[in-house]
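Chains as they are written, first to last, in the numbering used here: chain A, 729 to 932; chain B, 729 to 932.
Since the hints were derived computationally from the structure, they do not count as laboratory data. Incorrect hints may have been included.
When chains are identical, the list treats them as one kind, so a pair holds in a single copy or across two.
Result set (SDA-like, lysine to any residue): computed pairs, CA atoms no more than 25 angstroms apart in a straight line [claimed, not checked]:
(1) Lys845 x Arg865
(2) Lys822 x Gly848
(3) Lys759 x Asn853
(4) Lys845 x Gln920
(5) Lys822 x His880
(6) Lys845 x Val860
(7) Lys759 x Gly911
(8) Lys822 x Leu914
(9) Lys906 x Gln884
(10) Lys770 x Thr900
(11) Lys759 x Arg820
Protein chains: 2
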Amino acid sequence: MVVSRLSLYLRELRQLVREGRSTVSSSQLGKMLGVTDAQVRKDLAYFGHFGHPGIGYRCDELIAEIRRILGTDRQWIVTMIGVGNMGRALLRYKGFAEQGFRIVAAFDTDPRIIGTKIEGIPVYNPDQLRDVIRQQRIQLGMITVPAPQAQHAADQLVAAGIAGIVNFAPVTLSLPEKVGLVGVDLTTELEQLAFSVANRNSKR
Amino acid sequence: MVVSRLSLYLRELRQLVREGRSTVSSSQLGKMLGVTDAQVRKDLAYFGHFGHPGIGYRCDELIAEIRRILGTDRQWIVTMIGVGNMGRALLRYKGFAEQGFRIVAAFDTDPRIIGTKIEGIPVYNPDQLRDVIRQQRIQLGMITVPAPQAQHAADQLVAAGIAGIVNFAPVTLSLPEKVGLVGVDLTTELEQLAFSVANRNSKR
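Isolated chain A, as found in the complex (with noise of 0.2 angstroms):
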């Protein structure tokens, strides 16, 4: 089964406890992925639940489970490389803290920022990115730097022995093979999102 469509499954079982609901079938949760019961079952079978006869599966031990799987059941410590626009952006928004990913250092090279606190978060110089990392066992890395800075920034983050990178910048960054990386490209959603519009329309 591909990772992604676990948490597929576990923002539909999310939606239907915040709907009061404990327990859900296998084709309900298909219908909501657009997946047939069949693919459910097996999705949720490959590891090991098989829901309750007459109840279907339980919303609560699914979620764990998932949670357990994803390695989002604990807390990571996570910095971030850049406190511009986006790095800002980012700091404020609370949804990762939410999720267990806390933000407990950040990086930049403007000195009007060094040493101050932004929503929170103390601002270090680059110097200091290898002493903060070891110091604060920081495992994950978000790169929201300028995009011609971010291949500098991820290089800085592997020689401090980061295990993950969440890439904001529109670049192809190249890692390590030990090292995560997701990469979140808004401007690409975008021109997604704009072709699609586009060409319906010029289609009618």
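Go by the hints and put chain B onto chain A.
Chain B in isolation, oriented as in the chain A frame:
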């Protein structure tokens, strides 16, 4: 060719231009994208570009052509539904305007912010959604409300005649086929990273 690869070409070409390059060979582009040079030639020939003998591809030419195909050579008028943490963060981010996505109006149910401007963008009562969208010829909507309200927000946007939606709420929206949709779920991205890091560690 998948449309998302067009965005990747565009990203790499912009990076080359920033580095002061005006031309690029298919093998260089392929290396940047992690595909073969034969694949690059096939992709670019697909939309009529064949490279110049002894020169390669002209970066500016390719950028203009890809933007035309994607529909990002024009300006898109955008509204934002929900000015909470995520909405404020995104309003603060200047990258959208740089790419031609101009946010002109926001909507929120909080009476304390209705009638004010946040990051220069006027915040309206959702009652006015239909009128504001029509008067300002808004084409795209960003949904940044909490998950339980996202489908309702989407339904209102569709009823007001919006052509495409970027959904930042962590739920799967159900929309008529004529409306374009992309989803950006930061939680899902972080879960994917956590999974890849947690799994690497447990294997060692």
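Subject >> Hint check against the structure, violated hint numbers in rising order >> reply: 3, 4, 11
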